[in-house]
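Chemist: Here's the letter readout for the chains.
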Amino acid sequence: MKAIVWQGTNRVGVETVPDPTILLPTDAIVKITSTAICGSDLHLLDGVIPSMERGDILGHEFMGEVVEVGRDVRKLKVGDRVVVPFNISCGMCDPCRRGLFSACDNSNPNHRMAEALYGGVSGSGLFGYSHMYGGYAGGQAQYVRVPFADVGPHRIESDLRDEQVLFLTDIFPTGYQAAEQCGIVPGRDVVAVFGAGPVGQFAARSAQMLGAAHVIVIDRVPERLAMAESAGCQVINYEQEDVLIALREATGGRGPDHVIDAVGMEAHGHGPGALVDTAKQRLKLSFDRITALRWALLSCAKGGTVSLPGVYGGLIDKVPMGAAFAKGLTFRMGQTHTHRHIAPLLSRIEAGEIDPSFVITHRATLDEAPDLYKTFRDKKDGCIKVVLNPWA
Amino acid sequence: MSDDRPVPASPDASDPTPQSDELGTNDTGAQLPTLERSVMGSVGVALMGAGLRSGRPLQKLVLGTVGAGLAAMAATGRNPLATALKIRQTPQGEVLVGDAVTIGRPAEQLYGVWRDLSGLPRLMTHLQSVEVLDERRSRWTVTAPTGTVSWEAEITADEPGRRLAWAALPGAAIENHGEVLFRPAAGDRGTEVVVRLAYRPPAGSAGAVAARLLGEEPAQQLRDDLMRFKREQELGFAPTTEGQSSGRAAQGGLA
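As they're listed, the protein sequences go chains A and B.
Residue numbering for the first sequence follows my numbering, starting at 1 and increasing by one per position.
Residue numbering for the second sequence follows my numbering, starting at 393 and increasing by one per position.
The following block holds chain A by itself, in its conformation from the complex (with noise of 0.2 Å):
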């Protein structure tokens, strides 16, 4: 089958590989029918996550059709159509039983990398995500082993298009998370989002559909900036004003009730704190570049939430922690438990209130999804949000 290999940083190609098999009776098959590149999946270009190896299947963002399944699955059918979560997790462990699937205890086989960096825990496993998140292949592919299969895939029984559901596998559920974990007061709370990319969008949504009375949305691509305004957003373009200033102004010097950084840890930014971080990323002497988290913390309000659905990777420092002592905040965080937004979401969609497939701005091939990496990463193009077609 044809599929997305990571060869190296800044490097990513297609290449013909095996088709994959059952490997455990838990498993399933899925011929994938739509796949996308995803934000995160940049950070895998620019090889700041560690324990890529090269052949490496990416992808974490698909959907398809169940075409083959394991002796031990139950409720997944050969012709089921599904949207699969990215993240991998038993619905065992107690971190599962308690809906904290991305912290699942199981299904991480490499458990012991994770653990080594991150104080004796590990997450659960991912698709297409470096071996220190259990090395699974990824969905920018033909097919795909999904392992767990009776607890991650979910079902699609109605007719929408793969557009319109696709994005339940990661980035609609990762904003909601972010807007829904703010706690926000209908009619009373602020929102301000730091990042305009495909997550940005969505948790700017989501906080409108939770009832925020205001939603103001930071970036410097005007048109990210454009899309989240026609969605009724106040927009603050960054490189333009000074982002502090004005979200005191526009909440009557309060400052946003919750502060949503869904840019996390290659924020751009400018000044001197955004030199000292790239410099250091360039030494390796850190992973994070945190321009995002520090105006996050420097202008939320009293009492308020930092919510943060951007991924950090390692040690950071230089964190505003006495103005987030000073006004009382709480920080709510990690990697989404994607299963269990699943299905309130989708209905959601069938109900109307939102059509997720306003964020896509190119349709490729996997032949042209190398140079789109690219023009996704360096947001040429009007680039927002690829999905790829792999029988294309």
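Keep in mind the hints are simulated off the structure, nothing from the lab.
The model shown is predicted, which means the values in this text are computed figures rather than measured ones.
For glycine and all other residues, C-beta sits at the position ideal for the given N, C-alpha and C.
Nothing false has been slipped in among the hints.
Over 12 Å on every C-beta distance to chain A, these chain B residues come out as not near it, computed from the model:
#1 Ser-430
#2 Val-458
#3 Gly-461
#4 Gln-501
#5 Gly-511
#6 Ser-521
#7 Val-524
#8 Val-534
#9 Thr-535
#10 Thr-540
#11 Ile-547
#12 Gly-553
Computed Cβ-Cβ distance ranges for the label pairs, DEER-style:
#13 B:Ser-510 to A:Gly-99: 38 to 48 Å
#14 B:Ala-442 to A:Gly-8: 34 to 44 Å
#15 B:Arg-531 to A:Gly-8: 42 to 52 Å
#16 A:Leu-315 to B:Ala-577: 23 to 33 Å
Stretch by stretch, here's where chain B covers chain A in the computed footprint (C-beta under 8 Å, at least three residues):
#17 90-98
#18 109-120
With chain A's structure known, arrange chain B on it following the hints.
Modeler: Relative to the frame of chain A, chain B by itself:
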């Protein structure tokens, strides 16, 4: 992970003698026993000498530094490498290892699996076999870099559903003793399984450091074994990616 619960106080708090039911209370860092100190000191001085005689600058530097380091360890009686690698030792030179895992199954069931000693090699991959000799005694065989090592052990405490303790009988190739506790976890989370081991590494603390660096150290093996046990009990199998497809053509595309 080991000292998270109070343990019974020793009758005499200043008594440094290790006691089998109080593993973890004699954790004093990496003190070197006398024999190891003298061997280390001799090797260190010899290396420093070789370094000084060497004509190659890099060799001079490396041998000199390593030699000086060993000599300093011998002189101070501390093994800073062992301390840095968090290898815990008693004053008697025993290495302490402990870890814990919470498993969503009842204590009786988990105790039952553990009490069937002959079945332990299924959980602990470095164990080759455990042969049950009688009610209390058993023969343990492990694979080691040097071949297989075997010793006889005796159960020293057996509280069904709660605790199992054992000790190697005198004359064992690797002196060791340990215990496993089964404690109900708060809420409906199942059982906390706590394992504490003490053993005397064949080459002292230097041996423990070497084993750690080679990834063969009991602390790591214990962690892997406990996670394997948890997955066996909660899932009935271990997750794997072995044999999946990839672009690594040299291995036939499999990884």
